[in-house]
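Peer 1: Taken in sequence, the protein lines are chains Y and C. So the first sequence is numbered by our numbering: it starts at 168 and just counts up by one. So the second sequence is numbered by our numbering: it starts at 168 and just counts up by one.
Mixed in with the good hints there might be a few duds.
A pair counts as met if it fits within one copy or between any two copies, since identical chains are not told apart.
As the list claims (entries may be wrong) - No more than 27 Å apart at the CA atoms, straight line, and that leaves these computed lysine-lysine pairs for DSSO-like: (1) 260 / 280; (2) 260 / 229; (3) 229 / 261; (4) 229 / 270; (5) 225 / 249; (6) 225 / 270; (7) 193 / 229; (8) 270 / 193; (9) 225 / 280; (10) 280 / 177; (11) 249 / 177; (12) 195 / 249; (13) 177 / 225; (14) 193 / 249.
What the hints contain is simulated information worked out from the structure, not anything from laboratory work. All values derive from a computational prediction rather than experimental measurement.
Listed below, chain by chain, are the residues.
There are 2 protein chains.
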Amino acid sequence: MFMSTRIRVKNLDESLKFYIEVMGMKLKERYQNDVNNGEVAVVVSEDGGPEIELNYYKEGSKFNEPYSGGQELDHLAFWLGKDYDNFLSEARKKGYDTVLEVKSPTNRYSFIKDPNGIFILIA
Amino acid sequence: MFMSTRIRVKNLDESLKFYIEVMGMKLKERYQNDVNNGEVAVVVSEDGGPEIELNYYKEGSKFNEPYSGGQELDHLAFWLGKDYDNFLSEARKKGYDTVLEVKSPTNRYSFIKDPNGIFILIA
Numbered sequence: 168m169f170m171s172t173r174i175r176v177k178n179l180d181e182s183l184k185f186y187i188e189v190m191g192m193k194l195k196e197r198y199q200n201d202v203n204n205g206e207v208a209v210v211v212s213e214d215g216g217p218e219i220e221l222n223y224y225k226e227g228s229k230f231n232e233p234y235s236g237g238q239e240l241d242h243l244a245f246w247l248g249k250d251y252d253n254f255l256s257e258a259r260k261k262g263y264d265t266v267l268e269v270k271s272p273t274n275r276y277s278f279i280k281d282p283n284g285i286f287i288l289i290a
Numbered sequence: 168m169f170m171s172t173r174i175r176v177k178n179l180d181e182s183l184k185f186y187i188e189v190m191g192m193k194l195k196e197r198y199q200n201d202v203n204n205g206e207v208a209v210v211v212s213e214d215g216g217p218e219i220e221l222n223y224y225k226e227g228s229k230f231n232e233p234y235s236g237g238q239e240l241d242h243l244a245f246w247l248g249k250d251y252d253n254f255l256s257e258a259r260k261k262g263y264d265t266v267l268e269v270k271s272p273t274n275r276y277s278f279i280k281d282p283n284g285i286f287i288l289i290a
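In isolation and in its complexed conformation, chain Y is listed as follows (with noise of 0.2 Å):
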């Protein structure tokens, strides 16, 4: 079965502010990995939704490559609904501010970017 998505990121610190104070996310775990010299941080939505592990790779682990960015991780997508202004405006004023926003008579919906440069679908 599909579990999660886990992601790399830059600094564990920087992202869990983004994903938690930014997004919403609550802290599920947190905890080294001796295997990869990482260490590792679960987040899920508080109001339930797949999981988040982000990971981070300290220096000296074989992991730890040059971070650029590729095109496999399309975006990921958070649903926000009748909040989506009210998050717009409050991402704003925390220092993410929409990268492309997209209304039409049927839809609407914004990106902003992670502290990675991964692309953060709001709808």
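Could you slot chain C onto chain Y? The hints should help.
Peer 2: Okay, now just chain C, sitting in the frame of chain Y:
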């Protein structure tokens, strides 16, 4: 609420074949996305868990940039449990050999790669 992970794929049919025939997921929906000149498919495991959305951008789409690998998407995690050995054997027959196998007294897991080069954890 965090909804789903959306990956970009090089070839939708080939990726669906992998996530359905190798990973045992089922197709939930598939549709054209005229907004971004793309085609989208959503897959979910037979026994539940989060969805994964596969995004294919057609030639001419502004999102159809060259596909290169990055570090943001660390891996996608699947739980096989007692089907672990059987799964790896079947995956191998289908052309997906393990790229890493870890076996310790307390843990065992493997990685294969999907048709896009995305690391898939099998545990």
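Peer 1: Against the earlier hints, flag every one the structure doesn't satisfy and list their numbers going up.
Peer 2: 2, 3, 5, 7, 8, 11
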